[in-house]
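If you want the building blocks of each chain, they are given just below.
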Amino acid sequence: MTDLNIDDILAEYDTSNITIATVCSHSSLQLFHGAKQEGFKTLGIAVGEERRRFYDAFPKAKPDEFLMVDNYQDILDLTSELQEKNAVIIPHGSFVEYLGADKFLSLNLPTFGNRNVLRWESDRNIERKWLESAGLTMPREVKNPKNIESPVIVKYHGAKGGRGFFIAKTYEEFQKRIQPKKPYTIQEFVMGTRYYLHYFYSPIQNNAYKLNKGSLQMLSIDRRDETTIDEVQRLGSIAELEEIGIHPTFVVTGNIPIVLRESLLPKVFKMGEQVVERSLDLFGGIIGSFCLETVVTENLEFKVFEISARIVAGTNPYVNGSPYSDLIEPGLSTGKRIAQEIKYAAKTDQLNEILS
Amino acid sequence: MTDLNIDDILAEYDTSNITIATVCSHSSLQLFHGAKQEGFKTLGIAVGEERRRFYDAFPKAKPDEFLMVDNYQDILDLTSELQEKNAVIIPHGSFVEYLGADKFLSLNLPTFGNRNVLRWESDRNIERKWLESAGLTMPREVKNPKNIESPVIVKYHGAKGGRGFFIAKTYEEFQKRIQPKKPYTIQEFVMGTRYYLHYFYSPIQNNAYKLNKGSLQMLSIDRRDETTIDEVQRLGSIAELEEIGIHPTFVVTGNIPIVLRESLLPKVFKMGEQVVERSLDLFGGIIGSFCLETVVTENLEFKVFEISARIVAGTNPYVNGSPYSDLIEPGLSTGKRIAQEIKYAAKTDQLNEILS
Amino acid sequence: MTDLNIDDILAEYDTSNITIATVCSHSSLQLFHGAKQEGFKTLGIAVGEERRRFYDAFPKAKPDEFLMVDNYQDILDLTSELQEKNAVIIPHGSFVEYLGADKFLSLNLPTFGNRNVLRWESDRNIERKWLESAGLTMPREVKNPKNIESPVIVKYHGAKGGRGFFIAKTYEEFQKRIQPKKPYTIQEFVMGTRYYLHYFYSPIQNNAYKLNKGSLQMLSIDRRDETTIDEVQRLGSIAELEEIGIHPTFVVTGNIPIVLRESLLPKVFKMGEQVVERSLDLFGGIIGSFCLETVVTENLEFKVFEISARIVAGTNPYVNGSPYSDLIEPGLSTGKRIAQEIKYAAKTDQLNEILS
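Chains as they are written, first to last, in the working numbering: chain A, 1 to 356; chain B, 1 to 356; chain C, 1 to 356.
Since the hints were derived computationally from the structure, they do not count as laboratory data.
Don't take each hint at face value.
Which copy? The list can't say, so a pair holds if one copy fits it or any two copies do.
Stated by the list, open to error - Restricting the straight-line Cα-Cα distance to at most 27 Å, the calculated cross-link-like pairs of lysine-lysine (DSS-like) are:
#	residue 1	residue 2
1	K62	K213
2	K60	K210
3	K213	K60
4	K267	K129
5	K182	K210
6	K210	K62
7	K267	K303
8	K210	K41
9	K267	K60
10	K347	K60
Can you build the whole structure from these sequences, using the hints too?
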C-alpha cells in the first residue's frame, strides 16, 4: 500500500516464524505480552540501558531479544538484519514520533496497518475532511477570534503535548492569552465527558460487526489523564490560576479505565463503521487498531475531536482483558488481538492485506 | 407478590428450560453473558436493527435470539409467546423506563425481583420514608428556599436525566436560577466523594452475610460519570460558567471502577441489612440486586441520596469480576449472580420467592 | 533487625505451619485472600462483631479464625498464644495506627518487613533526608510564609487524615486561613496528576529488576480518592467555597485504578531502586511492599511527596491482578506476593531476612 516493496519482502519471509518487533515504549508491554501469548518471537528496539532493564520485572512481557540502538533512526540501517528475523513492526504513537513521520513512511519493513493513514491524520484539515465526510461530528472551528461566543480551545501550530493549548471563554480572554506572531487554530470547546474508544478493524475476518468488507470490534474504552488540567481544580478555577500566572497544560500522563452507557454502543459502532468505510474509499482503509477521541455532550451526542490510527496507550489498562473484550474472549488485550490478526493472516496467506 | 398470576404462569413453566430475557440496553451485555455462563437460553428484546447488530461484536454476550419489536410496549402483546419460551425477565433501569412503570407492573411475565419495590422508589417522599425508617441518613430537605444556609441541589419535579438540576450556595443564587411556576424540591448538597454500592440480597441462600431471612452480598462499587458536571472544571468554576450562561448538567454517560476504604465496609453491610430488613416489613422485600447511591463525608459518614432497586449500569465495569466479587467467586458479575440465583431457585423449586 | 528476640521466636516456629495474621481493616481482604491462595492458615484480629461479620460475604478472603479483642493494644498480651500458632504479622497502615507506633515496635511477634523503617517515615524531616539523599525530588519546603510565591499546602503538625490541611496561593490567603499558635509546615503545592506507585522489594529473590542485593517489582498503581477535595469542583472553586466558610478536606475514602504513561516506567524503577539502596545503607532496608506517592508535572517529572513503607490500601483494586502484575503472574495481588515471599523464605530458611 506504500511505495515500498513490502510485498517482495514478505515473499521472502518465513511466515511460520515471524518476529513481532516494536520500540520499547508506549504500549510495548502489552504488545510483547500479546505476541508471546500467541506464540510469536518478540524483539524490542531500545535506546539506553534503562529502557531495557525494567522489562526484567515483567517476565510475561519481556521481549525475547533486544535491539539496542544509539538513536531510533538507526532502525533504518538495520532493516536487513530485521528482515532476516522475519520481523513485523507494530507501530505505536511513540514509534512514529521517535522515528519521524517521513522515516516511518520509508521504513523498509512490513508494518502492521496501513501506513497511508499517516497522511490523513497528521494534518488537522485533512483529518477533518475524512471524519466529517464520514458523517462524524467534530467540534466547530472558529476562523475569527472576534466570533468567539462560547468557550474555545486555542492550539498553536506544532505545539507539543498540549503545552501550548489554552481555553478561552470570551474574546477578551483570548486577547489576554494569545501570543503575538504564532499561528494558531481555534476550536469550539465541547463540554462533556471524554471517552476514548478503542476499535479494531479486520479486513480479513467476518466474525464481528460486519462491514462491506471485513468486520469491526470495540475492545475497550479509557479516559486520558492529563497533567495539569485534570487535577487543577484542587488549587482553583482556571481563571483564578491564570490571574496568578499559572496556565494549565494538557500533557498525557496515564489512563483510567471506564465503561460507557450501554445505550450509546450502537452509535459507537456506527461511528466506527463510517470511519472505516470512508477510509477504504479514501486510502485503502484504516487497518487494525484505531481510536476515536470523543466528548459526550449533555444531549448524549458524540463530538469527535481526534482520531488515532493505531494502538493507543489508552488500551494499557486492559493488558488482561476489558469489560468489552472479555465478551469476545476472556483476557483479550489489543496487543493480543493484533497478534491474532497477524497469525490468522499468516496462516491464510493474507499478510499483504494487513501489513504495509 | 403482585396482582398478577405469576405463580400460575410459573406452574406451567418447564423450569429446566428457562430463557433469560431483557431489553437490549443498560446492562444487557452483562446479563446475557452471565446467563449464558450459567447455561441459560437468552433472548434480547430490541427496537431497531442498530440495537441488534452490535451484539455481533460480542459473541459471549450475544443473545441466542432476538425479539424485534416496533416499540417496547409491544412486549405486552407478546407475553404468550414469551411464556412458551419459559421466559424470565430481568428488568433493568431502561427496561422499566422504556416500558413505563404502569405497564411494567402489569406485565404478565415472571420478572426477577419484587415489582412492588417500584412503588417505594419512584416517589421521593415514600423512598425517604423507607430509607430513613431503615436508619439510613439522607441529605436534608430544605422546605423554604429562604432557609438555604449551605449548598443545596434544586431538582424540578419530573426533570429527566438531571438536566433540570442546579446547585445553589445561597438564597441569592437560588433566586437567580429558579424558573417561575415550576414545582421543585430543595435538598442539602452533601459534599464528599460518591460511591455507588452494588448489593445482592438472596432470600433463599444463607452462604453470605446472614440476615433474619436469607443473606446479603456486596458485589462491586462504581462512581457514575456525569456530563457535563464531571469535566466542567476544565473550563471554570460553576459560578464562572453560570455567569456566561452555561449550566452544568448531571446526565450519566458512564461508570468508573473504584474501591472503598476497607474500614467502611462494616457500615456498608449494616446499611444494606437495614434496607433489606425494612423492605421485608414494608412490602415483601427488595429481592436480588440493588444499589445505594452514597456520598462519604469528611467525617467518613455515608449520606444516601438514592436507592436503585435492581441491577444498575454501575456494575458494567465488572463483567468479569470485581475486587469484591472475586473474593466470592473469580469472575463473578452481577449478571452472573442473578443467573445463579434463578438457577438455584429453579433447582430447589423456589422461583416464586425471587420472581414476581 | 529490632531489639526484640524475633530470631529466637522464629527458631521455635514450625515454619511449615505458619499462620498469617493481621488486623481486620485496610487491606486485610486482600492479605487473607493472598495468604489463602498460597496455602497459609489465616487469622484476623478484630474489635467488635461488625468487623468480623462482613467477612462472611467474602468466603475467599475470610480468615480461618478470628481473634476477637476489646481493643487492639490487647494484642500485646496475646503474643504467646499467637506464637503458638506460628503467627507472622503482616502490618498495614491501620495495624500500625490502631496499635500505636511504640507498641508496634515492641510487639514480640515476627512481622513482615523491617520495623526500623518506622523511625524513618514517621518524622517528615527524617523522611525527607532519606528520600532526598536517595536522589528523589520532593516538593520544596517554605520556611517563612512571607516567601510564598506560588501555591503551597499548609499542614498542621499531627493533623489527622488531612483534615487540617489547606492550600494557599499567596501570603494573604495564608494569613486568612492560618490558625494562631498551631505549629505547621509549609510545602510547595506541586501541580500535576497524582500516581501512587506500589513496589515490592525482595532481598532474597533475583528474578525481577535486579539491585545490588535482591530485586524490585512494581505491582500496580492507583490514585487516591479524597473527600471532599476530589469532588469539590461540583460546587465551586476552592476560593469561592472558602469565602462561604467551606474548607475542603483531604480524607482518603477509596482508590481508583490507573496506569502510567509507559515511557515513565524507567524513571519509576530508578526511583524505587534509589529508595531501596539508600534504605539498605541507612537502616537495613525497606523490605517487601512500599509505595511512593508522586505527582507528575507538566514536564513529566516526578515529585515524591511521601513514602509508605508497607502495603497501601491503593493495592485493593487489584485483588485479582493489575495491568502490571498480570505481566508477572496472572492474578497476582500484593497480598499474594507477600504470601509468596514468606513461603519462599520459609522454604529456603531465610525468614529472618524478611521478618523483624
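Structure-inconsistent hints, enumerated in ascending order: Hint 5 is the one this structure does not satisfy, whereas the remaining hints hold.
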